[in-house]
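There are 2 protein chains.
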Amino acid sequence: LLTDKVNSNSVLIGEHLFAMGINVSRVTTVGDSLPEMTAVFSDALNRSDIIISTGGLGPTFDDLTRQAVSQVTGRALKEDTVVLETIRGFFARRKAAMPENNRLQAQVLEGAEVLNNPNGTAPGQLLEFPDSKHDNKKKLVALLPGPPREMLPMLEAIAGRLKPFSGILQKRFVLRITGIGESLVEEKLRPVLEAERKLESGVVNFGIVASHDMIIDMKATVSGTDEMEIDETIKNIKKEFRDILGDHVFGEGRQTLEGAVGELLSHKKQTLALAESCTGGMVAARITNQPGSSAYFLEGIVTYSNTAKERLLKVNPETILAHGAVSQQTAVEMAEGVRSISGADYAMSITGIAGPGGGTAEKPVGLVYIGLVSPAIKEVFKYQFSGTRGDIRTRAANTALDILRRYLLNPKGR
Amino acid sequence: LLTDKVNSNSVLIGEHLFAMGINVSRVTTVGDSLPEMTAVFSDALNRSDIIISTGGLGPTFDDLTRQAVSQVTGRALKEDTVVLETIRGFFARRKAAMPENNRLQAQVLEGAEVLNNPNGTAPGQLLEFPDSKHDNKKKLVALLPGPPREMLPMLEAIAGRLKPFSGILQKRFVLRITGIGESLVEEKLRPVLEAERKLESGVVNFGIVASHDMIIDMKATVSGTDEMEIDETIKNIKKEFRDILGDHVFGEGRQTLEGAVGELLSHKKQTLALAESCTGGMVAARITNQPGSSAYFLEGIVTYSNTAKERLLKVNPETILAHGAVSQQTAVEMAEGVRSISGADYAMSITGIAGPGGGTAEKPVGLVYIGLVSPAIKEVFKYQFSGTRGDIRTRAANTALDILRRYLLNPKGR
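Protein chains in written order, with this note's numbering: chain A, 10 to 423; chain B, 10 to 423.
Just so you know, not all the hints are guaranteed correct.
What the hints assert, rightly or not - Looking from chain B toward chain A, a few residues come up when the C-beta cut is under 10 Å (computed):
#1 T37
#2 D52
#3 L54
#4 G211
#5 V212
#6 H221
#7 A282
#8 S286
#9 L307
What the hints assert, rightly or not - Under the rule of at most 25 Å between Cα atoms (straight-line distance), these lysine-lysine pairs were calculated in the PhoX-like manner:
#10 B:K197 / A:K104
#11 B:K104 / A:K197
#12 B:K104 / A:K323
Please keep in mind that the hints were generated in silico from the structure rather than gathered at the bench. For each residue, glycine too, the CB sits at the ideal point set by N, CA and C.
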């Protein structure tokens with residue numbers, strides 16, 4: 010099926026090209042059909058200066074990229090003896106004979122440069138030829154393999170060849186925001202978005218992307234010809250955004266909530282322990298996904314049963330009896346329990362009903378209590394999340410991380 | 010940036026259409042540029058019977074899908090008073106006034122049917138018109154919103170309208186495989202793949218997709234005109250694959266390792282407890298992502314520090330001193346500890362070096378011990394995983410789940 014997998018290569022390639030000042034105008038995904046592929050390549054050659062294709066360089070009958078480009082460019086395919094030896098070598102290092110099929114991967118387009126593949130058998134190919142419509146311009150066609158770990162090194166290897174196509178200067182930033190709705194973000198930022206940022210020589214574009222995990226990305230792209238002006242503009246917009254949104258901004262670029270929490274804990278040299286029920290270890294798994302988290306994360310206890318809450322976290326059985334496992338009282342005792350057992354500076358607890366079953370009129374699916382305990386604080390926050398079991402768990406985990414983050418940022422203000 | 014996010018709608022739509030016997034020939038992603046968009050729509054109208062677009066129906070200046078389709082089809086856009094009232098109602102239910110911007114979403118193409126949007130403000134639109142090149146054929150253009158939860162109900166609503174375009178019958182299956190390499194899977198299945206499956210009236214296509222988390226999907230698509238023949242063929246191929254691969258097959262379709270483990274534990278009415286170090290709660294988080302997991306999952310203990318291993322899991326400090334926290338001996342004591350504390354039937358432990366720091370010549374990054382303890386078994390498995398911190402953690406988690414799964418399937422054979 011053509012649509013079996015999402016196309017993650019386009020994201021990787023788009024980022025590389027953007028940083029070079031080259032914009033992607035179109036991404037097309039096409040099946041393993043020679044007529045379809047030649048139609049796409051021929052259309053792309055008409056429209057674009059650079060064509061980067063990924064995939065279809067494998068050793069089987071349905072790997073047709075080489076043939077399609079050969080047809081469209083009129084360049085013959087010939088077996089390259091050096092490439093063939095390289096492929097044989099790849100198998101020899103794995104103590105295997107090269108299957109006869111793989112011979113197909115040694116077929117190189119006439120005049121193409123071969124791009125080495127340290128992570129696989131399919132070499133890439135790079136074609137450069139004069140643009141028939143413009144005297145001084147060239148066109149570039151790159152055939153790269155599909156797996157990202159094979160594709161990316163080649164993309165880096167041809168960076169120098171892409172450089173001449175680089176247009177305007179452009180830079181961008183992404184602010185990561187949580188704890189506030191998309192429409193409110195837009196409303197608060199509107200004065201900045203609407204203030205026409207007249208650069209001497211460029212434009213500013215904004216974009217806002219909200220996801221179902223309650224994280225919002227506010228993006229800005231600034232392009233022009235004057236790098237100093239671009240840098241200054243980015244600095245100013247970022248500051249205005251941050252002034253307006255305050256600590257709803259938890260980071261830039263690819264920062265995560267667990268990353269922000271980890272940096273704050275590291276910086277303050279403080280430690281954390283967790284008692285999770287409905288999130289079942291998700292918060293611990295995310296915290297420990299950070300390299301170096303052993304410096305601040307002591308332990309996590311996932312108590313799915315009531316007896317585990319009593320036995321491991323010293324929750325009073327009478328508390329559960331009187332108020333239920335999903336209650337403010339149980340949340341406090343869970344957090345206090347894991348804090349006293351671990352000796353951590355901060356302890357958090359999460360108990361809720363993730364669904365789809367287990368809800369009642371009084372305690373519906375999505376009800377979640379999050380407890381935070383430190384020497385200076387003892388608080389429980391109550392939420393009613395919506396969505397699937399997965400949504401509720403992710404929202405509870407993100408909210409818990411954000412509560413801790415904001416408390417670490419500003420212990421007195423809360 | 011056009012390439013900021015992966016296009017997950019194409020996967021969702023492709024699956025829906027496949028099940029109806031309609032194949033997707035091309036997926037194009039294009040930026041918010043009117044000339045680019047009209048070029049794509051006009052090309053698509055030339056080539057295809059059905060065009061489904063997602064996104065660009067929002068209320069802002071860069072939502073251009075309506076305009077692009079209007080230009081290409083020559084149909085004017087007019088404000089629809091019923092749609093306008095529906096949008097006002099959407100805001101009224103949220104006790105908000107409709108921002109003036111949203112008026113744009115009431116613009117409907119001449120002759121288009123409006124598709125209701127219960128989950129957002131942007132209605133979908135459906136255009137049907139005669140194919141100018143074929144007397145008895147029609148073309149269909151659907152404008153759907155970008156967010157999947159808004160898009161999917163509309164896709165289901167227009168299923169009846171897509172039906173007349175349905176071609177051949179086709180069915181498919183996916184077998185999910187782990188614990189064996191891709192090349193070995195291919196080698197073992199080759200006799201089945203190569204045996205030409207001559208159907209009276211159809212074809213069989215195979216595909217194999219390996220991912221970096223050590224799970225392999227073996228797919229087969231059977232298409233033809235005779236449904237009984239298709240069903241029989243699928244049944245036979247599936248059986249042949251399963252006979253060859255045995256318990257390396259952990260499920261079909263969207264089955265997960267934690268789903269397979271959960272079903273086995275449920276079925277046997279047995280319980281599980283976990284002691285995780287390097288995976289930091291990932292296995293517990295995945296196990297508890299299954300609805301109903303509270304029936305078989307008792308508790309998980311994430312011990313990142315040595316003292317937590319000693320205190321919570323009763324690991325002997327001398328064991329850690331003599332052999333280290335990442336050792337066969339510690340893995341055994343972690344699993345025994347959590348089993349005796351929880352009273353679970355099965356207990357697993359995972360301790361390893363996820364990196365990027367912390368490795369030594371003797372115990373390199375990627376070294377992981379996985380322990381499994383039950384009344385009948387006490388085993389530790391040693392692995393050397395490669396990849397990033399995330400890869401190593403995911404591989405360790407998948408491997409632990411698979412060890413348990415295979416042990417539950419066949420307790421005596423191991």
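Hint by hint, here is what the structure shows:
no. : hint            : result
1   : T37             : holds, 5 Å
2   : D52             : holds, 7 Å
3   : L54             : violated, 14 Å
4   : G211            : violated, 16 Å
5   : V212            : violated, 13 Å
6   : H221            : holds, 8 Å
7   : A282            : holds, 9 Å
8   : S286            : holds, 9 Å
9   : L307            : holds, 5 Å
10  : B:K197 / A:K104 : holds, 19 Å
11  : B:K104 / A:K197 : holds, 19 Å
12  : B:K104 / A:K323 : violated, 45 Å
Of the hints listed earlier, those the structure fails to meet are numbers 3, 4, 5, 12, in rising order.
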